[in-house]
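Enquirer: Letter by letter, the chains look like this.
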Amino acid sequence: MRKTVTGILAGIGFTLACGTSAFAQELTIFWAEWDPANYLQELVNEYEAETGVKVTVETTPWSDFQTKAFTEFNAKGSAYDMVVGDSQWIGAASEGGHYVDLTEFFNKHKLTEVMAPATVKYYAEYPSNSGKYWSVPAEGDAVGWSYRKDWFEDPKEMEAFKAKYGYDLGVPKDWKQLRDIAEFFHRPDEKRYGVAIYTDNSYDALVMGVENAIFSFGGELGDYANYKVDGIINSEQNVKALEAYKELYSFTPPGWAKSFFIEDNQAITENLAAMSMNYFAFFPALINEASNPNAKGTGFFANPPGPNGDQYAALGGQGISVVSYSENQEEAMKFLEWFIKDETQKKWAELGGYTASAKVLESPEFQNATPYNKAFYETMFKVKDFWATPEYAELLIAMNQRVYPFITGDQGTAKEVLDALAADWNATFKKYNRVK
Amino acid sequence: MAAVRTSGEIALNRVAIVAVLLITLIFLAPIYWITATAFKPRNLATTIPPTIVFTPEISPFVKLFTKRSQLREAPSPEEYEAAPWWERLIFDGGEKVVRSGRGEVQLSGYPDRFMNSLIVAITSTVLAVGMGTFTAYGFSRFKVKGEGDLLFFILSTRMLPPVVVAIPMFLMYRVVGLNDTHWGLIILYTAFNLSFSVWLMKGFMDEIPKEYEEAALVDGYTRMQAFFKVVLPEAATGIAATAVFCFITAWNEYAFALIMTNRRAQTAPPFIPSQVGSGLPDWTVIAAGTFLFLLPVAIFTFLLRNHLLRGMSFGAIRK
Amino acid sequence: MATAVMTTLDPKSRAASRGLSDISIRNLFIIPTIVFLIVFNIFPLIYSLGYSFTDFRASTNAPAKFVGLANYRALLNDPFIWSNFAITAKYVIVSVTGQVLVGFGVAMLLNRAIPFKGLITTLLLLPMMLSMAVVGLFWKLLYDPSWGVINYVLGLGNFEWLSNPDMALYAIAITDIWMWSPFVMLLSLAGLSAVPKHLYEAAAIDRAGSLYTFFRITLPLVAPILMIAIIFRTMEAFKTFDLAYILSSQPTTEVISIRLYKMAFQEWQTGMSCALAYIVLIMVLAITNIYVKYLNKVKER
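Residue numbers (my numbering), protein chains in the order written: chain A, 6 to 441; chain B, -9 to 309; chain C, -14 to 286.
Derived by calculation from the structure, the hints in this document are not laboratory data. This one's a predicted model, so the numbers in the text were calculated from it and none came from an experiment. Each hint can be trusted.
Listed below are several chain B residues computed to face chain C (Cβ distance under 8 Å; list not exhaustive):
| id | residue |
| --- | --- |
| 1 | F17 |
| 2 | G128 |
| 3 | F142 |
| 4 | P152 |
| 5 | V153 |
| 6 | I157 |
| 7 | M162 |
| 8 | A181 |
| 9 | P259 |
| 10 | I262 |
| 11 | P263 |
| 12 | I276 |
| 13 | V287 |
| 14 | R295 |
Where a beta carbon is used, it is the ideal one built from N, C-alpha and C, also for glycine.
One chain only, chain A, in its complex shape (with noise of 0.2 Å):
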């Protein structure tokens, strides 16, 4: 027994003792708890059969992430060499310090050419139109919808929506036809519901459900140039699109007042809903037969127009950059060296990944390559994002705070709500004298 504890306690001391000191030959990479991450981690295998530099990567779930990642950086730790960081991050890494200046690392390999242009100037460009980079483009990413092709192609269905509505039942072309689908499939009897949208208020999941009603309806957050908010953000479509994702609330299963990416896919695969807003990135387990049952019934297409005729969506995705407190920055340009070169970019799009290179992007072979491809395509391109100042976090806490208890508890109304979100921006940007 004494012997036991005795063992014990030196291998505890061992752990201790060498538990911190960092190998030379390694790399860690930070990024979210999702299938890219997987598949990241898939693709830098290849880096470490060719190099020997084991590369690892992280994850902690999408609600803590930020949190996460933003408490390393201003502990100044070094756990992490390269962060795989949502767009938004880019204000306060660069301005925190945070990042690696990489425009010369972006102006050696033209990246600008290489990348997609949306996701140039959301992930790595930082102020806009500055020529200032701190990452590179790694993983595109938009929100899109999975829908119940079984449900839809249902010839009684089919005849009753036409009958209800005077058109016929399909992939919605609008906004109207998208509430319609999710009024008409609303049957709490049957214990099937009409859509399922983001309304998670932990971090930016509910902010972005909305955003995509904002940006169809034609509406803006602000302008990102000056920080003028007043009569943006309040805007008339504002209004009418924050009132529509309300409605659509009403017609989302029981107890959806917290869902996110995973209760989104359990409602395509529970038969819950008949339409379901996800990003792009999720969609593989859709199509997993083993973890979706209805995964031959399952469809996608990209988020609609609004009564404009407005086509955007809300872009996710996330750029690499690398760590200015990790001790491995050498090795961590290598790496990014190789992660930009064509081969590995199509090794990332075939792996799984969303790759941002425009080449791969164009090509058939990654267009044909799932059912949900072509849309995420088409997508990337008609795409816009939430703040990317150093404070987008207090803007994104004042959001959730206005219009969650709208959206989920009949509090307000949307005029009401978003014009106190106004006056809320307003002040922080003056506390950073953003504005006067």
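Starting from the known structure of chain A, fit chains B and C onto it as the hints suggest.
Expert: Just chains B and C now, kept in the frame of chain A:
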């Protein structure tokens, strides 16, 4: 209680017994559900009506320990045949094992976090109980000026919400580089448990008759020798009980671990809720991780049942 | 405080001629612990008190600027913060009341000749020994409106426990009650077993009703220990973070610890969060003081 006399009381007693059994069942049901889910096939984890009878599977545990990724094409029959039994289980679940560049199977983050939990909990327990025993002896045997205030001060350090303490600790650790290290967490847990250990041990020390040491002193022992040779053996049960309580507290702690650790020193409690899976949650794997993590504490609870009352109430109440 | 330890020597203690003197042993045993606790518990608090008067943000390299009481003023004028405190208060009341009712009730039931009483008591203690964060996670599955076991067993259909803003706080409280009623039960059992049996016998001879016996004998004698349980649980419930954070992100369940966490580690308003931490700290100290008073009273008995 007085002997049951009337038939009414007998009936009442029977009702009480049934009620107690029912309540016990209700209280244990969630724990049973965790255990059951840990051995279920994935498709039976979220069925309605709930699946009670099923063939237990080991696959959740295989998945718990391996890094996996979504299969996009079914494995070829040869590939499937060549795979060892545990890899087939993963294939059956529509996933594949992630391998390193050299073809080694990659482990999930779970074993590392479990190990971190062990390291941090055991080390901080040893420190807290060790220091606590000495201090408790000091308070128990010697007159200390302002003893009441000091003991209150010691106790009050445990009353603070962890987040309140975490903010300055985070800033201080940042200066000395203790964020996300085992030692950083060990120090926090030791500080947190020390007050508890002093209080509890003082109760145990007070119960050891002073005459034992006096006799030893008369026999020519020094005070130190008397402490180590006479007092410590007498206090062994108390020390063991205190140690288990400190261990359980450190083992279960969540808020500090969430804030102060990231990758290198992260313990299991903030990690397990983070493993919700990558496109769809796999509750069986979460249950398997939970089950393994709860097992030590469940065992300790049984070993400790006679000391529970005192431990939970800071020794304020004797049993 | 630490200096108090070193001053006077107890005249009655054996001034040992061999080895270390009693006083040095005493100091050796006590002072390291006190110093350790000061360095890692008190010093950080002083450190953060300083920051609470500045606009410091740990996320930027900008130096901290002294702003006086502005943080405190802003916090006390923020309606969101007040609602966080109100939510915390509501949570404390609901969950502690629930725990006392269930815990004391079960203790009353158990306080009689019941087969396997020891085993049953031990089994009932299991929930409170487990990790709140990890078990709380699992309750999410139990509460799920579409495939949760709770709704199925209770026949509640699609009842929304966690996503209904008005219900979520109660759902968290129920989980907390499940975890911590056993604690109240344990303390109550200790109190009940200390009630002298002859009092019950005397009451039986007087043909006193069971209600009378309960209110006149049982309750007054158990009350002091029950009070300890209540104060103990109140303090813990006030601190709640894990359960609420894991189970729900509803604005209606944002207890003060969660708000503090978000302010400090998501918005990185370090100075402001230090100020809020101090407001919370003062409240906790007030509760602790009451607690210690009761503790001493019970110990004197």
